[in-house]
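Anchor point for the sequence shown: position 285 equals 437 in my numbering, and the numbering is continuous, going up by one each time.
Derived by calculation from the structure, the hints in this document are not laboratory data. Be a bit skeptical, because a hint or two may be false.
Unchecked claim - Keeping only pairs whose Cα atoms sit at most 20 angstroms apart, straight-line, the calculated DMTMM-like set for lysine to aspartate or glutamate is:
(1) LYS480 / ASP193
(2) LYS628 / GLU613
(3) LYS647 / GLU621
(4) LYS291 / GLU434
Unchecked claim - Label-pair distances were calculated between CB atoms; the ranges are:
(5) THR465 / ASN580: 20 to 28 angstroms
(6) ALA527 / VAL404: 27 to 35 angstroms
(7) ILE507 / LEU391: 51 to 59 angstroms
(8) TRP367 / GLU509: 30 to 38 angstroms
(9) HIS630 / GLU393: 42 to 50 angstroms
(10) THR322 / LYS454: 16 to 24 angstroms
(11) GLU393 / LYS268: 15 to 23 angstroms
(12) GLY649 / GLU602: 18 to 26 angstroms
We put the beta carbon where it would ideally sit given N, CA and C, even for glycine.
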Amino acid sequence: MPGVTTGRISIADWVLAIIALGIATFLIFQNLSAPAIRQWDEAIYADNALDMYMTGDPIVMRRNGEVTFYNTKPPLVIWLQTLSMHVFGVNEFAIRFPSALVGVLTCVILLLFSIKALNDIRIGTIAVLVLATTYGFVKQHVVKTGDLDAVLVMWVTLYSLLFFHFLLTTPTQYRLICSCIGIGVAAAFLTKGIAGWIPMVGLFVSAILMRRVKWILSQRHTYLVAGLVLLLCIGYYVLREYLTPGYLTRTVKVDYGRFLTQTMAWHHHPWYYYFWNWYRLEFFTPYVFWLPVAIVIGLLSKVFHRPVMLLTTHVLVFIGILSYPIVKLMWYDAPVYPFLALLCAIGGVVVWDFIKEKIKLNKGSEAILFTILLASIFFIPVRDMYRRNADQRLPVDILEREGFFIRELSRNNPVLKRYKVLMVYEQNAHYTQVDFYMNAYNRYMGFEIELLRDTTLVQLEDTIACCQEKQLQWLKAHFECEVIVRGETGCEIMKLGQSSVD
């Protein structure tokens, strides 16, 4: 079994691990609820969770009380968000709390893997600090928003590292480990459908490299667990189709068809897209420069050769699969970051052990110098991540202005509770964010907000909130407008007086 530390873990190592986990928790939860709900995915899931919270239906996705096929993913994250709203109320924090919580749990999994499988808690400590300062992980669409990806990352990390733990040790507890892996695989599917199964290809390749495939396939428990997982997943599809006919057709088109067909042009990217994002968009800087060195060092290490080989194979296979379809989105590679963090950490520990052996440090000096070294290395990344999280003046998409303005009004002008929002778009999907705020505020904060999707619905004496320049010009051309509030994003709320047009 790999590792250089045996026996009891020193108090100093435990303290460093706890501090690293504390830093990670702070950065993940820092300003979690500061931005308004974001348009598109987060708003869609927030709408689904709000309707589930209101109706109590745990299976069928709804929006504004009506069945919707816009989100065809299984409902695990929606369940978690609904439960969170029961605890924290209907707000941004409740929508994002599950993502942040599983982000912390992912860090805990890295620590446990380093202790149980690698016999070196220092690897887990460094990996947690790397992951917590990786922008590709601590950003929108992963742990900072109420999307599906953070929960997916946790389940993928859990079942993958359990499998690696099995490959790196003797299979004395195979039934228990196999059952836990099955739970992780099923939960990953219930989080994001087929995306939860893609990492299993890398695990299969890893099993081939470790010459364990034949043994695994000879165990009855393997087929029992696999059968139960398939039964659960297929059963969900069958149940959903029974409750809402047409669901399967839509799911095949949306969730599976994107691998074979071209969709929106801005989703089309070259094969190296994910690797390039690690540098271009700073998703894995500065660690992207250390990563190849760490992999080479780890592969040359007698102690960590096998785990580095497995982790590297897993990452390359996963990214390879993602890179094949022309459709690529910048959060699809989120599940690889915990494994990249482990690779960087292993390389760092190997280098540190080589140095300390050369200079022959005693235990006390080693602990002090190691702590100073960690503080020196991670001071700037932690500071930079803190600054990213502290600056919440995010660019507001043109389709997000109304929702941002409604929230701004509720906080700065709480007496303005009755007004209409003029927002004219052809596609129903453009109203997801504003729908969440209207439904939440009307039902749980005593507001009376009405959405107007056409200028013909505007009436004299209305109090109108509007953000679209074209509609603002129309209002001012047809009414005497008394502006009550001007927002930061060009939005205005006004009282409409006598028409200026005969």
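Hints and how they fare:
1. This hinted pair checks out: LYS480 and ASP193 have alpha carbons roughly 15 angstroms apart, not beyond 20 angstroms.
2. Pair hint LYS628 plus GLU613 holds up; C-alpha atoms about 13 angstroms apart against a cutoff of 20 angstroms.
3. Distance hint between LYS647 and GLU621 is fulfilled; the C-alpha atoms sit about 17 angstroms from each other, no more than 20 angstroms.
4. Under the criterion of a C-alpha separation no larger than 20 angstroms, the hint pairing LYS291 with GLU434 is consistent with the structure, at around 11 angstroms.
5. Evaluation of the 20 to 28 angstroms hint for THR465 and ASN580 yields a failure: the beta carbon distance comes to about 44 angstroms.
6. Evaluation of the 27 to 35 angstroms hint for ALA527 and VAL404 yields a failure: the beta carbon distance comes to about 52 angstroms.
7. For the pair ILE507 and LEU391, the beta carbons lie near 58 angstroms from each other, so the given range of 51 to 59 angstroms is met.
8. Between TRP367 and GLU509 the C-beta distance comes to about 37 angstroms, which sits within the given range of 30 to 38 angstroms.
9. Taken as a hint, the range 42 to 50 angstroms holds for the pair HIS630 and GLU393, whose Cβ atoms sit roughly 49 angstroms apart.
10. At roughly 19 angstroms, the beta carbons of THR322 and LYS454 sit within the given window of 16 to 24 angstroms.
11. Distance hint for GLU393 and LYS268: a CB-CB separation of about 41 angstroms, inconsistent with the stated range 15 to 23 angstroms.
12. The beta-carbon spacing between GLY649 and GLU602, approximately 19 angstroms, falls within the hinted interval of 18 to 26 angstroms.
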